[in-house]
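Chemist: Single-letter residue listing:
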Amino acid sequence: EAGVVQSPRYKIIEKKQPVAFWCNPISGHNTLYWYRQNLGQGPELLIRYENEEAVDDSQLPKDRFSAERLKGVDSTLKIQPAELGDSAVYLCASSLTDGGYTFGSGTRLTVV
Amino acid sequence: QKEVEQDPGPLSVPEGAIVSLNCTYSNSAFQYFMWYRQYSRKGPELLMYTYSSGNKEDGRFTAQVDKSSKYISLFIRDSQPSDSATYLCAMSFTGGGNKLTFGTGTQLKVEL
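Residue numbers (our numbering), protein chains in the order written: chain A, 14 to 125; chain B, 1040 to 1151.
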């Protein structure tokens, strides 16, 4: 069975440009998470979905970040416009409700 | 002050050594304690999971939790070069929406 699939693996963009990341969770996992991992730091939660509903987006910078999980499966995280400080690894994870996580390999974003 | 503190290392040990990795935390609500291993350019993968205080052993790995001291440890016996990775402690609590709070990670290198 495929794990959590993320694309692209790497992205380099100029500041003020938009960028989007895509995540396909493990089949049957109803909970999906987006985490951001800055260099030398642990991951920090941006948003959590239960099926298609965003149930915790308190840490998502809503002025420039948006996310969606249509049909409760795949998810997209968008940044518009990107800032230099957004350079990080964006990790997607999925789980059954209150279950253990499986993380994807992440998208490494560099904003120049 | 961060909720979870972890010595970032780097930690370099010879093959076969016993490795001790530690985290302290401030939120007494944490009940579930995990250790993740993260190889370079990969997402974190769950290594050990412990509920409340006590010890748990799995092969060469032992996790310890001391809730009275708000201190958790991971011991690796007979360390191997393949153990070279970043080790992240993570914690959560019932009612927390399965959100994980991570330490900064300790970078470990096991040398031949």
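Wrong hints could be hidden among the right ones.
Claimed, not checked - In the DMTMM-like style, the derived pairs of lysine to aspartate or glutamate whose C-alpha atoms are separated by at most 25 Å in a straight line are:
hint : chain 1 : residue 1 : chain 2 : residue 2
1    : A       : Lys24     : A       : Asp70
2    : B       : Lys1138   : A       : Glu81
3    : B       : Lys1081   : A       : Asp87
4    : B       : Lys1106   : A       : Asp70
5    : B       : Lys1081   : A       : Asp111
6    : A       : Lys84     : A       : Glu96
7    : A       : Lys28     : A       : Glu66
8    : B       : Lys1109   : A       : Asp111
9    : B       : Lys1109   : A       : Glu65
10   : A       : Lys24     : B       : Glu1084
11   : B       : Lys1041   : A       : Asp69
12   : A       : Lys28     : A       : Asp70
13   : B       : Lys1138   : A       : Asp69
14   : B       : Lys1109   : B       : Glu1042
Hint data in this document are derived by calculation from the structure and do not stem from the laboratory. On a predicted model such as this, the values are computed, not experimentally measured, just so you know.
Chemist: State for each hint whether it applies.
Modeler: Outcome of the hint check:
1. A/Lys24 / A/Asp70: Holds: A/Lys24 and A/Asp70 sit about 24 Å apart, inside 25 Å.
2. B/Lys1138 / A/Glu81: Holds: B/Lys1138 and A/Glu81 sit about 19 Å apart, inside 25 Å.
3. B/Lys1081 / A/Asp87: holds, 20 Å
4. B/Lys1106 / A/Asp70: Answer violated: B/Lys1106 to A/Asp70 is near 29 Å, above 25 Å.
5. B/Lys1081 / A/Asp111: Holds, because 23 Å separates the two Cα atoms, which is no more than 25 Å.
6. A/Lys84 / A/Glu96: Roughly 30 Å between the alpha carbons, so the hint for A/Lys84 and A/Glu96 is violated.
7. A/Lys28 / A/Glu66: violated, 30 Å
8. B/Lys1109 / A/Asp111: Holds, at roughly 23 Å.
9. B/Lys1109 / A/Glu65: violated, 36 Å
10. A/Lys24 / B/Glu1084: Holds, at roughly 23 Å.
11. B/Lys1041 / A/Asp69: holds, 20 Å
12. A/Lys28 / A/Asp70: Holds, at roughly 24 Å.
13. B/Lys1138 / A/Asp69: Since the Cα atoms of B/Lys1138 and A/Asp69 sit roughly 9 Å apart, the hinted pair holds (cutoff 25 Å).
14. B/Lys1109 / B/Glu1042: holds, 11 Å
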